[in-house]
Amino acid sequence: MVEIFGIPSQALFSQLLIGLINGSFYALLSLGLAVIFGMLNIINFTHGAQYMMGAFAAYLILTYSGLGYWSALIIAPIVVGIFGVIIERTMLQWLYKLDHLYGLLLTFGLALIIEGVARNYYGSAGLPYAMPDSLRGGQNLGFMFLPNYRAWVVVASLTICLGTWFVIERTRLGAYLRAATENPTLVRAFGINVPRMITLTYGFGVALAAFAGVMAAPIYNVSPQMGSDLIIVVFAVVVIGGMGSIMGAIVTGFGLGVIEGLTKVFFPEASNTVIFVIMAIVLLIRPAGLFGRTA
Amino acid sequence: MVAATETITAPAHSAEGRSEFIAFGIMVAVLVVAPFFIYPLFLMQALCFALFACAFNLLIGYVGLLSFGHALYFGWASYLSAHAAKVWGLPPELAILTGAATGAVLGLIAGSLAIRRQGIYFAMITLALAQMMYFFAVQAKFTGGEDGIQGVPRGKLFGLIDLTSHNTMYALVVVIFLACFLFILRIINSPFGEVLKAIRENEPRAISLGYKTDRYKLVAFVLSATLAGLAGGTKAIVFQIASLTDVHWAMSGEVVLMTLVGGLGTVFGPVVGAFVIIAMQNYLNALDQWVTVIQGIIFVACVLLFRRGIIGELANLLKIKL
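First to last, the sequence lines map onto chains A and B. FYI, the numbering used here numbers position 128 of the first sequence as 128, with every residue one higher than the one before it. FYI, the numbering used here numbers position 315 of the second sequence as 1315, with every residue one higher than the one before it.
Derived by calculation from the structure, the hints in this document are not laboratory data. Be careful, since some hints might not be right.
As the list claims (entries may be wrong) - List time: in silico SDA-like cross-link candidates among lysine to any residue, alpha-carbon distance up to 20 Å:
1. B:K1156 with B:F1239
2. A:K264 with B:A1140
3. A:K97 with B:F1306
4. B:K1321 with B:I1310
5. B:K1319 with B:I1022
6. B:K1086 with B:L1160
7. A:K97 with B:A1301
8. A:K97 with B:G1119
9. B:K1321 with B:F1135
10. A:K97 with B:P1153
11. B:K1086 with B:I1026
12. B:K1141 with A:S271
13. B:K1156 with B:V1175
14. A:K264 with B:V1138
15. B:K1141 with A:A270
16. A:K264 with A:I74
17. B:K1141 with A:F267
18. A:K264 with B:F1136
19. B:K1197 with A:D99
20. A:K264 with A:I86
21. A:K97 with A:P195
22. A:K97 with B:N1202
23. A:K97 with A:F13
24. A:K97 with B:S1112
25. B:K1321 with B:F1183
26. A:K97 with B:L1305
27. B:K1141 with A:D99
28. B:K1321 with B:I1026
29. A:K97 with B:V1300
30. A:K97 with B:Q1118
31. A:K264 with B:K1319
32. B:K1086 with B:F1183
Unchecked claim - If we take Cβ atoms under 8 Å as the criterion, some of the chain A residues that face chain B in the derived model are:
33. M91
34. Q93
35. H100
36. L101
37. L105
38. G116
39. F235
40. A236
In this text, all values refer to a predicted model and were calculated from it rather than measured experimentally. Cβ atoms here follow ideal geometry from the backbone N, Cα and C, with glycine treated the same way.
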């Protein structure tokens, strides 16, 4: 057994992998938050609940229609995304002219409702969700054993994150989006339907959360409070990264996941709090966040 | 954060003072009579939360800062008050003051970090710091983990007055609550309070007038955290227990809800909001888990339909300030 810093390499690498997996979810969720914040100027507190809805949708799709993981990976984000569109049209759109804090309060209320309903029907205990057969097993890399499903999660998350970054930063559609966040009135004058763009952006951000939820279902149990535990950590990730940039969300998401994983190896008792401690340090040095532009 | 209708003009000042004075008189009368009709333990619970909500409202209503982590001061103060009374054997008045001091110290640390950012970032930072301290509370030895600190003695006030009777305890809680309420009233009607309102309305302008707004915001934050700590400490002595529920972020959400229901930025709103929410939780017990859903619905309804809250709408209707 090879040892690194007095830790068996097997343990070190497996924690590193767990860190990468958690990082994948942090990145996907903070990316969704960043996209929504960019267009709507609303901190979507419901994000955790929508992530949970994604996982539940996958579970329900399997239980009631027998459709497996791969179908759920497409259907669940669409369904939850449509739910997001309905919320934006019926509630959020009335808040844009008000202080941002009302958006936070409204989405917090929605999160309470969604979680409460889920808890009433499914209790607090988790429901198991089986891994797709095609991703069972794993690879022996020599220095560690890599389960296929976990490798898939990391790759899929990276692909989605970089794809989103590419669309927003490098395509014409992304250019419209960025322009609309700067000056919606002017962009409307060019004949672009800005309100519809805002609605679809919210739907897309919510779908991202649901997508993360489906991917999380086979790893963690599907449980009503899976989102509320995660969302506060993601908020800290967002503060650290700075909400200004998409790349910031991706890099800090993965980076902090890995740091958290390593902390679990070296100082297990600090692993729950390390991200918050980093947040405090970053705030002292760079209040705008690592990738943020100063407001 | 608060509707722009709050622009205060000088001539109306005396009339405002009078309506506040009358409302205060009514509140005192109700609190004196209430224990003859309502179970004192319920009243004490509601009063502790009313004080907590007033402390929270001092920040959001008068400085425009939404702290989403006020459970941190409330919960940790209740832990230290409980510890002081049970393990250190301090008399109740000193135990409660220990709670207030805990709130002040934590408020100073968290506040000086959080005021570096504004708006929703401020909310997220306060929430994240509170969650960090929640994990400390879960892991630390003295907090008793899932069990909390139980069997906290109420003790004898100043070594003389035995607090075991609910009625005596109630009298103490009312005195603490009213004293803090008057203190808050004094703060918001002082020149310091006027500067806070100026920061809420337009911070860059306040800065250009030469005010060091960060310092004002921090002082307001520490005051709010101290009063929240006082509320938490009192609650620990009244209920003789300190537990994880009071440090959990759901508690931070609850105090936001109380203030929102009563009316953000109104003097009496948080008190009414706290009584409404606590009554709801006590009397809707049968609905069990659905209480969370109902709270969520109230949240959404408040934000979408009546942002002024109960007292805000009432004050608007009667054209007075409450």
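Hints, one by one, checked against the model:
no.	hint	verdict
1	B:K1156 with B:F1239	holds (15 Å)
2	A:K264 with B:A1140	holds (18 Å)
3	A:K97 with B:F1306	holds (16 Å)
4	B:K1321 with B:I1310	holds (13 Å)
5	B:K1319 with B:I1022	holds (15 Å)
6	B:K1086 with B:L1160	holds (18 Å)
7	A:K97 with B:A1301	holds (17 Å)
8	A:K97 with B:G1119	holds (15 Å)
9	B:K1321 with B:F1135	violated (41 Å)
10	A:K97 with B:P1153	violated (51 Å)
11	B:K1086 with B:I1026	violated (37 Å)
12	B:K1141 with A:S271	holds (17 Å)
13	B:K1156 with B:V1175	holds (16 Å)
14	A:K264 with B:V1138	holds (17 Å)
15	B:K1141 with A:A270	holds (15 Å)
16	A:K264 with A:I74	violated (33 Å)
17	B:K1141 with A:F267	holds (18 Å)
18	A:K264 with B:F1136	holds (16 Å)
19	B:K1197 with A:D99	holds (16 Å)
20	A:K264 with A:I86	violated (41 Å)
21	A:K97 with A:P195	holds (13 Å)
22	A:K97 with B:N1202	holds (17 Å)
23	A:K97 with A:F13	violated (49 Å)
24	A:K97 with B:S1112	violated (30 Å)
25	B:K1321 with B:F1183	holds (18 Å)
26	A:K97 with B:L1305	holds (15 Å)
27	B:K1141 with A:D99	violated (42 Å)
28	B:K1321 with B:I1026	holds (15 Å)
29	A:K97 with B:V1300	holds (17 Å)
30	A:K97 with B:Q1118	holds (18 Å)
31	A:K264 with B:K1319	violated (59 Å)
32	B:K1086 with B:F1183	violated (29 Å)
33	M91	holds (6 Å)
34	Q93	violated (11 Å)
35	H100	holds (5 Å)
36	L101	holds (5 Å)
37	L105	holds (5 Å)
38	G116	holds (4 Å)
39	F235	holds (4 Å)
40	A236	holds (4 Å)
Consistency note: the structure conflicts with the earlier hints numbered 9, 10, 11, 16, 20, 23, 24, 27, 31, 32, 34.
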